[in-house]
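Sequences and hints are given; from them, build the entire structure.
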Amino acid sequence: MTEFRRGIRLGIDVGRARVGVARSDPDGVLAVPVETVQRKKEPVRRIVALAAEYEAFEVLVGLPLNLRGDDTPSTTDARAFAQALADALPMPVRLVDERLSTVSAHGVLREAGRSQRDSRSIVDQVAAVVLLQQALDVERQSGEPAGPAVTPGQEPA
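Residue 78 is where the sequence shown starts when you use the numbering used here, and the numbers rise one by one after that.
Keep in mind that the hints were calculated from the coordinates and are not lab data.
Careful, some of the hints might be misleading.
What the hints assert, rightly or not - Each pair of labels, with its calculated beta carbon distance range: (1) T228 / G146: 17 to 23 Å; (2) R123 / A226: 19 to 25 Å; (3) Q115 / G220: 35 to 41 Å; (4) V121 / T149: 20 to 26 Å; (5) V106 / P150: 31 to 37 Å; (6) P229 / Y131: 18 to 24 Å; (7) A226 / D104: 30 to 36 Å; (8) R83 / T153: 22 to 28 Å; (9) N143 / P167: 30 to 36 Å; (10) T228 / E132: 19 to 25 Å; (11) E232 / D102: 32 to 38 Å; (12) E132 / A226: 29 to 35 Å; (13) D147 / V106: 28 to 34 Å.
Glycine is no exception: its CB is placed at the ideal position from the N, C-alpha and C atoms.
So, in structure tokens, the structure goes:
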């Protein structure tokens, strides 16, 4: 078991139209929303810029498996997106299980009094917060980084 690694991490929730981005504080205690990036507006380039701006040491990309743990078309898309990030970033990119993070994000927003339609612009950020917070909690409890690293230059699995 290793000690909890200090430093800022970015959490990425990959959607078909939008990509939610969250970040942690340097102590890895709290995840907060950063922004929603449109897929059609060079999202990898924007995330590379955000990673540099926040001086992140790692990027965690949500892997949307189905409830049985099997891949879906969204899983394939998230793996390809994570691979593009790994090829573009000078830091580790990891895939973390994010089953139900979007469902949880909608629940949080509903509890805050926002309708699903009113939440469309921020739900991806909230989902990124949920997956990043789960990954931080896993590492804090286990002492090991959450999820496998993506190797730069590889074909997505």
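Hint check results:
1. Range check, T228 to G146: about 22 Å between beta-carbon atoms, so the 17 to 23 Å window is met.
2. Checked against the hint of 19 to 25 Å, the C-beta distance between R123 and A226 comes to roughly 22 Å, which is consistent with it.
3. Taking the beta carbon of each, Q115 and G220 are about 37 Å apart, inside 35 to 41 Å as hinted.
4. Distance hint check for V121 and T149: the Cβ-Cβ separation is about 22 Å, which falls inside the suggested range of 20 to 26 Å.
5. A hinted range of 31 to 37 Å for the beta carbons of V106 and P150 is consistent with their spacing of about 35 Å.
6. In this structure the supplied range 18 to 24 Å holds for P229 paired with Y131, their Cβ-Cβ distance being about 20 Å.
7. A hinted range of 30 to 36 Å for the beta carbons of A226 and D104 is inconsistent with their spacing of about 22 Å.
8. The given range of 22 to 28 Å is broken by R83 and T153, whose C-beta atoms sit roughly 33 Å from each other.
9. Distance hint check: the CB atoms of N143 and P167 are about 33 Å apart, consistent with the given range 30 to 36 Å.
10. Evaluation of the 19 to 25 Å hint for T228 and E132 yields a pass: the beta carbon distance comes to about 23 Å.
11. Look at E232 against D102: about 35 Å separates their beta carbons, and that is inside 32 to 38 Å.
12. With their beta carbons about 19 Å apart, E132 and A226 fall outside the hinted range of 29 to 35 Å.
13. Judged by the Cβ atoms, the range 28 to 34 Å given for D147 and V106 holds: they are separated by roughly 33 Å.
Comparing the model with each numbered hint stated earlier shows that hints 7, 8, 12 do not hold.
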